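There are 2 protein chains.
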Amino acid sequence: MSLTMPWFGTYDAKSAVMGVLPKSPNGEMAYIINNNAQARFDTKNKISPYKRILSLMPVWNLQDQSAEIEIAYYFIPRGNYTHMAKIYRSISQERGYFKSLQQKAVENPEVKKLAGAMYIGIYGGYPHYINLPGVAFTFDQLKGIIQSIHDSLNVSKAFIHAWGTYSNYPPYNWPVSEALGGPEKLKQAVDLAKSYGYLYASYHSYIPALEHDPDFTADYLPRDNQGNILLRNRWLRNDSKYYKGLAEKTLEKELAAIGQNADVTDISFVHIPGNPVKGSVELARYIRQHKLVMGCERGEEYFIPYMELFEGMDAYNQKLANYSHPAPLFNLVYHDAVATYGKIQDNDLIASEYGDFPVKTLRKMVYGSGSTLFFTPYEYEGIKPMIKMAYNALSKLHENVFYAELINHEFLSPDFLLQKSEFSNGTKVIVNMAHAAHSTPEGEKIPGYGYSILYGDGTVAKGEFSMNLKINE
Amino acid sequence: MSLTMPWFGTYDAKSAVMGVLPKSPNGEMAYIINNNAQARFDTKNKISPYKRILSLMPVWNLQDQSAEIEIAYYFIPRGNYTHMAKIYRSISQERGYFKSLQQKAVENPEVKKLAGAMYIGIYGGYPHYINLPGVAFTFDQLKGIIQSIHDSLNVSKAFIHAWGTYSNYPPYNWPVSEALGGPEKLKQAVDLAKSYGYLYASYHSYIPALEHDPDFTADYLPRDNQGNILLRNRWLRNDSKYYKGLAEKTLEKELAAIGQNADVTDISFVHIPGNPVKGSVELARYIRQHKLVMGCERGEEYFIPYMELFEGMDAYNQKLANYSHPAPLFNLVYHDAVATYGKIQDNDLIASEYGDFPVKTLRKMVYGSGSTLFFTPYEYEGIKPMIKMAYNALSKLHENVFYAELINHEFLSPDFLLQKSEFSNGTKVIVNMAHAAHSTPEGEKIPGYGYSILYGDGTVAKGEFSMNLKINE
Chain A
1 MSLTMPWFGT
11 YDAKSAVMGV
21 LPKSPNGEMA
31 YIINNNAQAR
41 FDTKNKISPY
51 KRILSLMPVW
61 NLQDQSAEIE
71 IAYYFIPRGN
81 YTHMAKIYRS
91 ISQERGYFKS
101 LQQKAVENPE
111 VKKLAGAMYI
121 GIYGGYPHYI
131 NLPGVAFTFD
141 QLKGIIQSIH
151 DSLNVSKAFI
161 HAWGTYSNYP
171 PYNWPVSEAL
181 GGPEKLKQAV
191 DLAKSYGYLY
201 ASYHSYIPAL
211 EHDPDFTADY
221 LPRDNQGNIL
231 LRNRWLRNDS
241 KYYKGLAEKT
251 LEKELAAIGQ
261 NADVTDISFV
271 HIPGNPVKGS
281 VELARYIRQH
291 KLVMGCERGE
301 EYFIPYMELF
311 EGMDAYNQKL
321 ANYSHPAPLF
331 NLVYHDAVAT
341 YGKIQDNDLI
351 ASEYGDFPVK
361 TLRKMVYGSG
371 STLFFTPYEY
381 EGIKPMIKMA
391 YNALSKLHEN
401 VFYAELINHE
411 FLSPDFLLQK
421 SEFSNGTKVI
431 VNMAHAAHST
441 PEGEKIPGYG
451 YSILYGDGTV
461 AKGEFSMNLK
471 INE
Chain B
1 MSLTMPWFGT
11 YDAKSAVMGV
21 LPKSPNGEMA
31 YIINNNAQAR
41 FDTKNKISPY
51 KRILSLMPVW
61 NLQDQSAEIE
71 IAYYFIPRGN
81 YTHMAKIYRS
91 ISQERGYFKS
101 LQQKAVENPE
111 VKKLAGAMYI
121 GIYGGYPHYI
131 NLPGVAFTFD
141 QLKGIIQSIH
151 DSLNVSKAFI
161 HAWGTYSNYP
171 PYNWPVSEAL
181 GGPEKLKQAV
191 DLAKSYGYLY
201 ASYHSYIPAL
211 EHDPDFTADY
221 LPRDNQGNIL
231 LRNRWLRNDS
241 KYYKGLAEKT
251 LEKELAAIGQ
261 NADVTDISFV
271 HIPGNPVKGS
281 VELARYIRQH
291 KLVMGCERGE
301 EYFIPYMELF
311 EGMDAYNQKL
321 ANYSHPAPLF
331 NLVYHDAVAT
341 YGKIQDNDLI
351 ASEYGDFPVK
361 TLRKMVYGSG
371 STLFFTPYEY
381 EGIKPMIKMA
391 YNALSKLHEN
401 VFYAELINHE
411 FLSPDFLLQK
421 SEFSNGTKVI
431 VNMAHAAHST
441 PEGEKIPGYG
451 YSILYGDGTV
461 AKGEFSMNLK
471 INE
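Chains A and B are the protein sequences, given in the same order.
The first sequence begins at 1 in our numbering and counts up one residue at a time.
The second sequence begins at 1 in our numbering and counts up one residue at a time.
One chain only, chain A, in its complex shape (with noise of 0.2 Å):
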């Protein structure tokens, strides 16, 4: 499926429908949005006699016959999205996708430490160059990069994600490169980063096969019944069943080497048709077995039990966001269950269709997921005023619901902008991300880009972001 959760579904005042699909199901969906059939009338030279309607159905794939075809439809009177959200975390309870973050962290404590952290990404030109001049960093950067994070910023809690640190390509995570450093410098930083209490990943996948690669290899790659290889986007082509394989070289090597207390793997996570979703499994077991909190790129329902963070739930489907009102439907059914973060393509830092750093932070705010900040340390200085309000907006809100449901979300102005959220500890939160105030029903006045946090012990934090201009003549 295209969708994050196998479920659709539309409301009035009066009653919302939601159609929720298999465990399995195998098809597409497709959509109608804003559209009067009018091609279909363009041959008979006529203007279509319907109106504009916006629709969603699923396209059974009825040659695979091993898939279920069955769709079980809900009525609820006067629901709406966030009752669908509701009955569709019962069911997925029952399919056994929930497992709840405070379970998780009574398996493994070091979990506790993803509550309030900010996930900063620092790029250094990997998986896609390896020693890319001016874009590398050298241990030593990194290890000035999070000492600054933690004494300047005063950031108290962070998940530091490294992109490169290998001289190979991925899928072979290894060795630590002598060039930036060796792994003795790598460890001073990945040590420097647990004594703050942060917890600290390098790159990994497994996935990818590079043509840029010297050392690229189809040894990984998928073949069929006759023994061809079958490709996929370089970034999308080894075949699951070798991915903890390749984990097992070069994990327990790494572990040893820095004791990193996390794992972020990119894109392997990434459900693609014909790749089996068992290989991934194995994968996700595998590493969990070395105690490391644990995330991936997107993220997959079914892979909730294994990660505590899934990094890039927001920009999923950037198109169907353009044509909608997005709500944080995936947090109303799983936010007590797994951390969302921005995707690092589309991060807090950069601009999008779906946001710049104020309207991405407050988003983050209401749905009640964590702030992504990803960039090349030559971009350090100029970011670290945004680090630390995203910072002191964001973190202390995110450690204060981390493990609470998030029970309800509501837009409160006609331009959908104001917005207001509330989590099962007693937690509200209020976000405008108009240009202009906005006023709740209680006629509680939000600013332009600002927020009002009200927490279950009572106490309350507002802010507001703005632009400058400062003329130097």
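Since the hints were made in silico from the structure, they are not lab data.
A hint or two may mislead.
Copies of the same chain are indistinguishable here, so a pair counts whether it falls within one copy or spans any two.
As the list claims (entries may be wrong) - Below 25 Å or equal to it, Euclidean Cα-Cα: the simulated SDA-like pairs (lysine to any residue) are:
{"id": "1", "residue 1": "14", "residue 2": "302"}
{"id": "2", "residue 1": "384", "residue 2": "196"}
{"id": "3", "residue 1": "343", "residue 2": "261"}
{"id": "4", "residue 1": "23", "residue 2": "64"}
{"id": "5", "residue 1": "51", "residue 2": "167"}
{"id": "6", "residue 1": "343", "residue 2": "468"}
{"id": "7", "residue 1": "384", "residue 2": "466"}
These figures come from a predicted structure and were not determined experimentally.
Using the hints provided, position chain B relative to the given structure of chain A.
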């Protein structure tokens, strides 16, 4: 053509090559972007042996006997994109596309009001809806905003474009809505704008035929040889041969009623295959008889002799911008012939892949373009600071370089975000669109999101944008 100008090229440190297409080419441009033709090898189960390349090539329509099929290539030792643009500038002058803003200002002194003007679009829901609650403005409200822009924000140069002044949908831009205040009230707003030295235009368009228009008519739709209606997208539907007739029905009535001094006609001047340019040119000539400062959505080079302003050059092809480092190619050819502004759908207030407010404003500065701000009245209070910042950063520069040729543009940093341009009046502009400070080769340090202007008369202007978080606990 799907390019703004019919030429393309490439260069390296040694030389440049450019291809120039005929005045009326008939074809499309095909791109290969970072591709190694892997698809051709997929079926053979092989990895492509080729390198990834970037290529641009014309694909001719050989069925069309009337079109010229010819490319002229120019080879420029030590040349770059600026040299290419200047070669095309000569060609465009020979082709009759070039008419300077200086000459236009001699013919119509009102054009001088465009120098330094911010393009401020006020959206009242029109042409999508008439009197949309919460969005439509009364003419008293419109007048109030114009007054506030002048008196509170001290904006001395502006082009006010009001979207929503009629009680009919386009293409029939008449009568002035009585529900919103009637022509006397609208004239008061227009008179006030004119008293400030502003330009004013109400939204016009002659090409839409909207199904939800109660007066929808097929009378203006194009027909094939058998008399059957030919349908296009509802916003691009009417045949250009009717444009002038439609304008004749309404434009002079409007001039008599409200006395506007400018005209922006939306969409109707966009090139649509099969919609003869002739009809659009007749419309342009007709409007021009009325001594209005003229503009249109997007803009095509063959309308430059008729128009002073093109709205929307920047976002003409967003996809291409994503893959490349945008350079002001159009302005290198035409800066002193037509004033370019940003597209309202991607205006400077909106974050997009093209940047946020600071980046968009800085890009306008280094391109010699003008600010575009587009908002709904309820947003006005929230965007006042941005109007003021855009005015303070850009208006004086825009006025200074308005009649000048853009003679050079350079990328000064490896990330392409430090840029410099030079105008024929001696003014030089450096902007830094990066998070971090960058230094010029001469050692001038430009802060992140900062700019440095050296005017032709030796005066200097410097400034920098920043984001703030104010915490009100």
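Hint-by-hint comparison with the structure:
no., hint, result
1, 14 / 302, "neither (33 Å within a copy, 55 Å between copies)"
2, 384 / 196, "within (18 Å within a copy, 43 Å between copies)"
3, 343 / 261, "within (21 Å within a copy, 48 Å between copies)"
4, 23 / 64, "within (15 Å within a copy, 54 Å between copies)"
5, 51 / 167, "between (59 Å within a copy, 22 Å between copies)"
6, 343 / 468, "between (27 Å within a copy, 23 Å between copies)"
7, 384 / 466, "both (17 Å within a copy, 12 Å between copies)"
Violated hint: 1 only; the structure is consistent with all others.
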